[in-house]
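Those protein sequences? They're chains A and B, same order as listed.
The first sequence: position 187 = 307 (the working numbering), numbered continuously.
The second sequence: position 124 = 1592 (the working numbering), numbered continuously.
Keep in mind the hints are simulated off the structure, nothing from the lab.
As the structure is a prediction and not an experimental result, all values here were calculated from the model.
Just to be clear, a hint being listed does not mean it is correct.
[To be verified] Pairs of lysine-lysine residues, derived as DSS-like cross-links and limited to a Cα-Cα distance of at most 25 angstroms, are as follows:
1) A:LYS189 to A:LYS151
2) A:LYS252 to B:LYS1535
3) A:LYS252 to B:LYS1542
4) B:LYS1542 to B:LYS1530
5) A:LYS252 to B:LYS1506
6) B:LYS1506 to B:LYS1535
7) A:LYS216 to A:LYS425
8) A:LYS250 to B:LYS1609
9) A:LYS252 to B:LYS1530
10) B:LYS1568 to B:LYS1809
[Stated by the list, open to error] Computed far set for chain A versus chain B, every beta-carbon distance over 12 angstroms:
11) VAL182
12) GLY387
13) ARG405
14) PHE536
[Unchecked claim] Covered stretches of chain A, going by a simulated chain B footprint (3 or more residues, C-beta under 8 angstroms):
15) 137–151
16) 219–228
17) 252–263
18) 409–420
19) 467–477
Cβ atoms here follow ideal geometry from the backbone N, Cα and C, with glycine treated the same way.
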Amino acid sequence: MRKRVVITGMGAITPLGHSVESLYRSQLEGKSGVGTISHFNAARFPTKFAAQVKDYDVNRFVGDSYRWKNCGLNTQFAAGATQQALADAGLADNEKVDRNRIGIYLGCGEGVQDFHHLVTLIAQSYAPDKRKVETPIFERGGLREFHPQRELEQEMHTTTAHLGAYFNLGGPNYNCLTACAASSQAIGEAAELIRHGDADIMLSGGSHSMIHPFGVTGFNLLTALSTHNEAPEKASRPFDLNRDGFVLGEGAGMLVLEELEHAKRRGATIYAELTGYGSTADAFRVTDSHPDGRGAIACIQGAVKDSGLNPAQIGYVNAHGTSTQVNDRVESLAVKHVFGEAARTVAVSSTKSMLGHLIAAAGAVELIISIMAIRNGVLPPTINYETPDPECDLDYIPNQAREKRVDHVLSNSFGFGGQNISLIVSRFDN
Amino acid sequence: MASSSRRAVITGIGVLTPIGLDVNSFWQSLISGKSGIKPIQGFDTSGLPVRFAGEIVGFEAKRYLDKDARRGLKVMARTIQLAVACAQVALDDSKIDKQKLDPTRFGVEFGAGLIASELEELAEAARLCTNCQPGRVDLEKWGEQGLPNIQPLWMLKYLPNMLACHVSIIHNAQGPNNTITESEVASVQAMGEAYRILVRDQADFFLVGGADSRINPLSMTRQCLFQTLSRRGDDPTKACRPFDRQRDGFVVGEGAGVLALEELEHAKRRGARIYAEVVGFGAAFDRDLSGAGLARAIRAALNDAGIGPEDVDHVNANGFSSVTCDVWEARALQEVFGNCKEPVPVTALKSYIGNLGAGSGTTELAGSLAALEHGLVPPTLNYEEPDPACPISVLSGSARPVQKSHVLKVSFTDVGQCAALVCRKM
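Chain A extracted, bound-state conformation:
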C-alpha cells in the first residue's frame, strides 16, 4: 500500500487578509482584494491595479527581524504563512517531533530586482552611438550602488534556506519555479517525498510577489494583464465573456503535509487528505496553451487516476481560471472532456476573481481554499460573472457562495511554458 498523505496545518498571507480564516470568510462574502497599485507609481502603466497584500509586517509573525530585513516580499510572506501553518499543526516549536524528518518543498518566486538602481545604471553606461553598454561603467556603478544583501536575497534558493534555518527543519529542502504551476507542483512532489520515506512531514506551498515595476512591465508587454483601469474590482472576471486578462496578486500559502500514521500517532488535527496529483507539459508554445487542452486534459486525467476516484465523485473544481481568453476556454474544455456527463453538475469556481493571480503561490492558496470548502460545506463563488461565454458553459458558482457538501475537490494550476499541475484533496476518511 502506498503511504497516505494528509494536511495537518495551513497558513496564508493574501490580499484578502493575513490568515486562512479571513481569506476564506472574505471569499464567501465575494470580496475583491483588487485595487490601485500602491507599491510603486503605476499611474502611467497600461495596468494600474493589482491585488496587494495590505499592511503586512513580517515582524508580527516571526522574530529575528534582522534575518528578514533585506529579504524580498516573497520570503517575508513565506515566513508569516509558515509560522501560521506550523503553529496550526502544533509544530511551531515542538521538539518531540524529529525536526530532521521535516522537510520543505516550496514553489516560491524569485526576489525583486533593484529596479531603480539597475535602470539608472544602464542609462548611465549606455553608449547610444555604439548601441552598447560600456560594461566597466556599469560594473563600477553596480558595485557602488547595489545593496549586497538585497542582491543575495533575490536568489531563488534563499527563501527555503531562511525557513529551514529559522524554523529548524532539517529534512529535504527544495524549491521549484514552474511559473503559475509552481506551488501546486511543490505540493505534489512533497507528498511523493513523504510516500518514499524521505520525510514524515513536509512544509509545502508557495510565495510570490510580482507587483513591482519589472513584473508589471513584463506581463503588460505580453498583454497578459487586464487593463480594466476604470473598475479594478471588476477586472478579474474568469469565464465571463468580457474578460480581458488576469489581475496580478501576491501572497503566500503554506500547508503542512504529513504521513497519515505519523499524524495519528501525535494526535494531529487532520484537515484533509491529498489523494491525487497529475503533472504534464503542453510541449506546444511558450506563450500559449495548447488550443485543444492536450496537456490540461492529460493532467486532470492523471490526477483523477492517481486518486482512484471517478470524476463524478468530485463535487467542486477550484479552477485555474485566470480571466484570460485562452485559459478559461481551454480549461472549461478540459474539464468537460475529463468529466463527461458529470461536467453538467460539477461546481466550478475561480477564486482568482477575488484574489487575483498569485503566480507561483496561486496553487497553494487555492488548495487551502479547496480544503476549507470541504470542511465548511460552502463553495466560494466566481465574482464579476455577468455575461456568459458560449465557450465556457459550466456551472461557475456565479457571484454568490453556495452551500454544498463536497468530499473531493480538484484544483488546477497551469503555467506559462505549458506547465500543468492538478491536485485532488479529499475529506479525510479513516
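Given the coordinates of chain A, assemble chain B onto it according to the supplied hints.
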C-alpha cells in the same frame, strides 16, 4: 500503484563546459589536467575586482539545433540556449528514436538559476526615463514611453522554467516537467526527482540536467557583491583549488550538463548503451552549516542504494574551493567515510571548470560517469597542500583506476541545501 521493480538507467550524456562541448572532449581535458579557468573574453570586465571565470568561448546554439528549433533561439537567454543545445547532445548520445517514444511518458526536469537580462534590451527604455539621478527612475515616463521600447517577449527570455519548457517543446516531451531553483544543488535534486518519477511509473524517459551562465556584466557584478570569489587573478588556472589549504573562494563558471534517464527495460528493449544505473538518492538541510545535514543526505542516499560507505569507489565532491564550505563538506565526508578501512578517494571537478551554479551537479556527475566508462577517476586539480581542517583523502596528481562499481555525487549550496546521488556501473 508504482511497481518497485522499475529501475532507472542513464543512457545519454550531454555536457557543454569550458573544457569541452561533448562528453569525450570533457573527459580528455579532465584526464589531461586541463583547466578551463581564464580571463573573461565575452565582455570588458575592467570595472570588476574579479575578471576570470570558466567561460565557454565560441558557443553557437544554432549549430546544435534543427531549423524549426532555431527559430526559438531569439527568445532564449544564453542559459536557456545552453540548456536546449545540451539536451540535444544528450538526446543524440542516447540514440533514442523520438518517433518510437510515447510523448506523454517523456519528462523533462532542470535545475536553473536566476537569469540576468541583457542590459541592452532595457537600454532604450532606461535612457528615456532617467535624468541622471542615480537610483531614481521616472516611473510615469517608464510606463508611458519606456515600456513600449522593450521587446514584447522580454520576460519570457529570462524565466527559469524556460529551460525545461523549451526542451519539452523542441522534443514534444509531454510528461512531467519541473524546474528546481536551489542553486548549486538544483540539478542533483532534479536527477533524484526524475529518478523517483521513473521508478513510480509516471514516465519512461527523461532529459534531466541543469544549465547556468552568470558570465555577463550584471551577474558578475552581483556575484562580486555577495559571493566570496577567488581573487587569484594573476594565476586563474590555479584559482579553483577545492580542499587545498591555499584556496580563497569560489570561481564562477558557465555551462550545462544533461543526462538521458530511462527505465531499464525500456532501454534494454531498444538496445541502448547504458552508462550507469541510478540507485540511490537523499536530501537534507544543513541548518548550522556544520556538515551534519550533508552527512544525513549522504547516508540517506547510501541507504536508498542499499550499500555502505566502503562500497563507494569515489566521491564526486561539491568542492566549492570556498574557505568555509569545504570545511563542512570535509566534516560530513569524514563523518560518513571516516571509519572505512581503505580511505575513499574524493575528487572535485569544479577545479577544472569553476562553479556552474545550477548546472554544476549533473555536469560534474558526467565526469564520474565517464570515469566508470574509462575505468579511471580524474584527480582534483590544484590540490597541492592539504588543509588540516579538511581531513579527507583528496585524489590529486594523477588519475586512479576505478575499483568498485558505485560512485557518490555530493552537492550542496552555501546556505545549506544538500543532496547526494548514488550511481552504479551495470
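Structure-based check of all given hints:
1. For the proposed pair LYS189 of chain A and LYS151 of chain A, the alpha carbon gap of about 31 angstroms is over 25 angstroms, so the pair is violated.
2. Only pairs whose Cα atoms come within 25 angstroms are accepted, and LYS252 of chain A paired with LYS1535 of chain B is rejected, the gap being roughly 29 angstroms.
3. For the suggested pair LYS252 of chain A and LYS1542 of chain B, the alpha carbons sit about 18 angstroms apart, so the restraint of at most 25 angstroms is met.
4. As the CA atoms of LYS1542 of chain B and LYS1530 of chain B are separated by approximately 11 angstroms, the hinted pair is consistent with the 25 angstroms bound.
5. The suggested pairing of LYS252 of chain A with LYS1506 of chain B holds, with an alpha-carbon distance near 24 angstroms, which does not exceed 25 angstroms.
6. Restraint check for LYS1506 of chain B and LYS1535 of chain B: not satisfied, since their Cα atoms lie roughly 33 angstroms apart, outside the 25 angstroms limit.
7. For the hint pairing LYS216 of chain A with LYS425 of chain A, the CA-to-CA distance comes to about 37 angstroms; that exceeds 25 angstroms, so the pair is violated.
8. As the CA atoms of LYS250 of chain A and LYS1609 of chain B are separated by approximately 24 angstroms, the hinted pair is consistent with the 25 angstroms bound.
9. About 23 angstroms separates the Cα atoms of LYS252 of chain A and LYS1530 of chain B, which keeps this hinted pair within 25 angstroms; it holds.
10. With a C-alpha separation of about 48 angstroms, the suggested pairing of LYS1568 of chain B with LYS1809 of chain B is violated against the 25 angstroms cut-off.
11. Listed as outside the interface, VAL182 of chain A is consistent with that label: its C-beta sits roughly 16 angstroms from the nearest C-beta of chain B, beyond the 12 angstroms cut-off.
12. Every Cβ of chain B is farther than 12 angstroms from the Cβ of GLY387 of chain A; the closest lies at roughly 26 angstroms, confirming the non-interface assignment.
13. With a closest Cβ-Cβ approach of about 7 angstroms to chain B, ARG405 of chain A is found to fall inside the 12 angstroms limit, against its non-interface label.
14. The non-interface label for PHE536 of chain A is inconsistent with chain B: the shortest C-beta to C-beta separation is roughly 7 angstroms, within 12 angstroms.
15. Beta-carbon proximity to chain B at under 8 angstroms applies to 0 residues in the segment 137–151 of chain A; the threshold of 3 is not reached and the given coverage is violated.
16. Counting residues of the segment 219–228 of chain A whose C-beta lies closer than 8 angstroms to any C-beta of chain B gives 3; at least three are required, and the coverage claim holds.
17. Residue count for the segment 252–263 of chain A with a Cβ under 8 angstroms from a Cβ of chain B: 12. That meets the three needed, and the coverage hint holds.
18. Coverage of the segment 409–420 of chain A by chain B holds [criterion: at least 3 residues with CB-CB distance below 8 angstroms; count 3].
19. With a cut-off of 8 angstroms between beta carbons, the segment 467–477 of chain A has 0 residues touching chain B; three or more are needed, and the interface restraint is violated.
Of the numbered hints listed earlier, those contradicted by the structure are 1, 2, 6, 7, 10, 13, 14, 15, 19.
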